[in-house]
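Chain H is fixed; fit chains A and L with the ligand onto it per the hints.
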Amino acid sequence: MPGLFIDVEVAPEVASDPAYAARLEEVCPVDIYAVGPDGGVTVVEENLDECVLCRLCLDATPEGTVRVKKLYEDGATL
Amino acid sequence: MSILIDADTTFIVQGITGREAVNLTRECLDYGAGAKVVGGVTPGRRGREVHGVPVFDSVAQAVEHHGAPIQGSVVTAPPAFTKDAVLEAIENGIELVVIVTERIPRGDVAQMVELAGERGARIIGPNCLGIIVPDVVKMGGIGGPARDAAKAYSPGSVGVISRSGGMTTEMSSTLTAAGLGQSTAVSIGGDAIIGQAYAELMPLFEADPETEAIVIYTEPGGRMEAQLAEWVTANDSRLPIVAFMAGRFMDEMPGMSFGHAGTIVEGKEDTATEKIARLAEAGIVVAEEISEIPAIVKTKIAARAGAAGRAVA
Amino acid sequence: MRFFEYESRQIVAKAGIPTSPHGFATTAEEARRIATEIGGPTVIKSQVLTGGRMKAGGVKFADTPDEAEAHARDILALEIGGHMPRGVLVDSKVDVKQEYYAGVVWDGMRKQPVILFSDMGGIDIEEVAESHPDHVGRGHFSTIHPFSDFQAKQVIAATGVTGKALQRATPILARLAKLFVERDMTLAEINPLAELADGSFVAVDAHMDMENEARPRQKALLAELGVGEEETRQAREATPFEIAGEAVDAMDHRGVAGNVTEFDGNLGLVIGAGGGSLTLFDAVRAHGGDPANYCEIGGNPSVKKAAGLAKLVLQKPGVDKIAVMMSIVSNTRVDIVARGVIKACIELGYDPAEKIAIFRIPGAWEEEGFKILERYGVEYADRSVSMHEAARRAVEKIGAAA
Ligand code: SF4
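Residue numbers (the numbering used here), protein chains in the order written: chain H, 33 to 110; chain A, 447 to 759; chain L, -10 to 391.
Just so you know, the hints here were simulated from the structure itself, not pulled from any lab data. Since this is a predicted model, take the numbers as computed values, not measurements. Even for Gly, the Cβ is constructed at its ideal location relative to N, Cα and C. Accuracy of the hints is not assured; some may be wrong.
[Claimed, not checked] For lysine-lysine, the following DSS-like pairs were computed, each having C-alpha atoms within a straight-line distance of at most 25 Å: (1) 44(L) to 86(L); (2) 102(H) to 142(L); (3) 102(H) to 360(L); (4) 86(L) to 101(H); (5) 142(L) to 86(L); (6) 597(A) to 360(L).
[Stated by the list, open to error] Label pairs and their in silico Cβ distance ranges: (7) 223(L) to 513(A): 24 to 32 Å; (8) 727(A) to 55(L): 53 to 61 Å; (9) 563(A) to 240(L): 54 to 62 Å; (10) 212(L) to 698(A): 33 to 41 Å; (11) 465(A) to 222(L): 44 to 52 Å; (12) 221(L) to 466(A): 24 to 32 Å; (13) 67(L) to 34(H): 54 to 62 Å; (14) 134(L) to 524(A): 22 to 30 Å; (15) 10(L) to 698(A): 40 to 48 Å; (16) 751(A) to 134(L): 33 to 41 Å; (17) 78(H) to 99(L): 50 to 58 Å; (18) 10(L) to 465(A): 27 to 35 Å; (19) 71(H) to 236(L): 50 to 58 Å.
[As the list claims (entries may be wrong)] Covered by chain L, per the in silico footprint, the following chain A stretches (three or more residues, Cβ under 8 Å): (20) 447 to 454; (21) 593 to 607; (22) 674 to 685.
Just chain H, same shape as in the assembly (with noise of 0.2 Å):
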């Protein structure tokens, strides 16, 4: 389930690389990436709405695999 203002879509070959899961786990300042019990990416669906669109988690990875949308400006990207 998306937050009221915020989702995110990483792609599947970023969701599951463990690597990529720690470190966006590491860089995201309010907790939206886990490590989940897979060792894959977990979006944590209640911290969504306080992203602060710093746009670390994209940095971290290859550009286009990770989408931070605003709903509130119709699913415009970061």
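What follows is chains A and L with the ligand alone, placed relative to chain H:
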């Protein structure tokens, strides 16, 4: 011209590796011509850099690295460590200390201020956002990121002194929108004991040829408005002062505490009503709303200019 | 933080200042036992954190333990100024030759503590200062140089006190000055300080106020006195609404959404920061508005925290709408607060456009914040609308709703 700081002022940030201090450092480096932040101090972190600013274990190391006396320090250390950090700054020859930290016990503030007095140093704060000379330099978090600060502050002839950091920006922004720039804006802190109250900064503004008027933000609690009124009367100040008083509602709620730590309503002398009366006696206009301030300032400046013109003629 | 008299007396005693023999009781039976131990006439005093206990009947004299017990029973059941007593202090009725006043307070302008002494004790020091200024001695003292007894002596001597009394009172005032600094007091007062028939001095009543900011480093003293960490000792007990406000602020460590104070109006306020809150509260009242609460947000709180505060205010009985207003923000983000208050409305099943009378927070990330507000149809204002004007619009909307 400005008071307290200018484009050449060198300063350090104590507690520089803390999250807020990192942001504050960035903001100061980015604003105006870029502040001369010559070092940072966080014990145990020597050798690091924060936005290119070298970090040291002690103030002495920072001074040695700089190779000359350092003029100022912004102290952001946690409350329990603030007194030590300030004493360290003063004993290492720093003459202007801006204390950002909140919730420092009065006993500590008194010690810092007393030592500063003995060493000829000046303390701004605690619990303040610092000093800004529009478009030139800022020392502290005042106005926020450079881009935001540029939106609210503009260079000009009004000196701003405020017990609330946020209201320093709100009032300066109102002046800016009305075409009145600021010579220097100082957030002096809202605690019961602070390094520099209005009356202690007035001589500096008085001596600054660029400053033509003063705008202050005040609150109930303490005697510093009465002190200002006394100063203005005793020194026949050339500067018209316009004040804004917030927290008038507190007069009806004795014993309750709102806002800053120093804003505890006790007794009669420190109520809003009493303060407004004292200020008015000294010829200080107390505006009902912030939006009225620019017009009052303009009228006052024009009146002074008119009087001065007649005196010359 | 204020101390009860029985605690203040302990603090004074710990500093080496003698006090009249006394004991603290929470039941009438205990009071009787203490009176028996003391032997002779006693005074039973209500232990409340409010003034005027004498007038309210909270202080009574007893000649026998029986009487002490009966008085204690009455006083323990007596509410004074909205406060029930914590207990009673059973004090020995001492044979007083002369009453003095000894106190220490901060002078915010001189930025030093000042010791006060008067040979007219037992009454309000402000009264004495007004009617008999020559009977009040004052002296500032350094907090970085060691305190020396002569500083106390000077102040006492200035009131004309000499002889044995001066010699005896000096160390007491000096100890009070030192305890004031060491214990982080904002007020340390012994009134009356009694000179007994035998020439000795004892504290018969004491009043101490400690700085809240110093509580962490005075933990040991507070533990010895049995003061719990949760005891705030405010002038007025916190209401359930205010306690819920503290819980919101404690949700996480990001920013502040606190200092919630309850009022009984219909316009809920989500306002900040310190000075901004004071200004806005005044502004709402100046325009005839009736605030439901006071609060302060700042320091960039999380969305969750901002939402928590907004929900608390929205759910307060009698609240029709909320006004979300701050002075220009530079640290707190406009978009984060906007998300918080909209989220609060939606989660409670309200239309944000309906419930939020106005949103006036200019500053950091305002473009992003205004986009959100626009999407939800909430009326917002930038810095070109003054704080007073924003308050006026909010009040106007409430008027239209009522
Ligand atoms: S933009 Fe920043 S806050 Fe938002 S999800 Fe990415 S890392 Fe987290």
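Comparing the hints with the structure gives:
no.: 1; hint: 44(L) to 86(L); verdict: holds, 24 Å
no.: 2; hint: 102(H) to 142(L); verdict: violated, 71 Å
no.: 3; hint: 102(H) to 360(L); verdict: holds, 10 Å
no.: 4; hint: 86(L) to 101(H); verdict: violated, 81 Å
no.: 5; hint: 142(L) to 86(L); verdict: holds, 20 Å
no.: 6; hint: 597(A) to 360(L); verdict: holds, 20 Å
no.: 7; hint: 223(L) to 513(A): 24 to 32 Å; verdict: violated, 53 Å
no.: 8; hint: 727(A) to 55(L): 53 to 61 Å; verdict: holds, 60 Å
no.: 9; hint: 563(A) to 240(L): 54 to 62 Å; verdict: violated, 42 Å
no.: 10; hint: 212(L) to 698(A): 33 to 41 Å; verdict: holds, 38 Å
no.: 11; hint: 465(A) to 222(L): 44 to 52 Å; verdict: violated, 32 Å
no.: 12; hint: 221(L) to 466(A): 24 to 32 Å; verdict: holds, 27 Å
no.: 13; hint: 67(L) to 34(H): 54 to 62 Å; verdict: holds, 60 Å
no.: 14; hint: 134(L) to 524(A): 22 to 30 Å; verdict: holds, 27 Å
no.: 15; hint: 10(L) to 698(A): 40 to 48 Å; verdict: holds, 43 Å
no.: 16; hint: 751(A) to 134(L): 33 to 41 Å; verdict: violated, 49 Å
no.: 17; hint: 78(H) to 99(L): 50 to 58 Å; verdict: holds, 53 Å
no.: 18; hint: 10(L) to 465(A): 27 to 35 Å; verdict: violated, 55 Å
no.: 19; hint: 71(H) to 236(L): 50 to 58 Å; verdict: violated, 36 Å
no.: 20; hint: 447 to 454; verdict: violated (count 0)
no.: 21; hint: 593 to 607; verdict: holds (count 3)
no.: 22; hint: 674 to 685; verdict: violated (count 0)
The structure does not agree with the numbered hints 2, 4, 7, 9, 11, 16, 18, 19, 20 and 22 stated previously, though it agrees with the rest.
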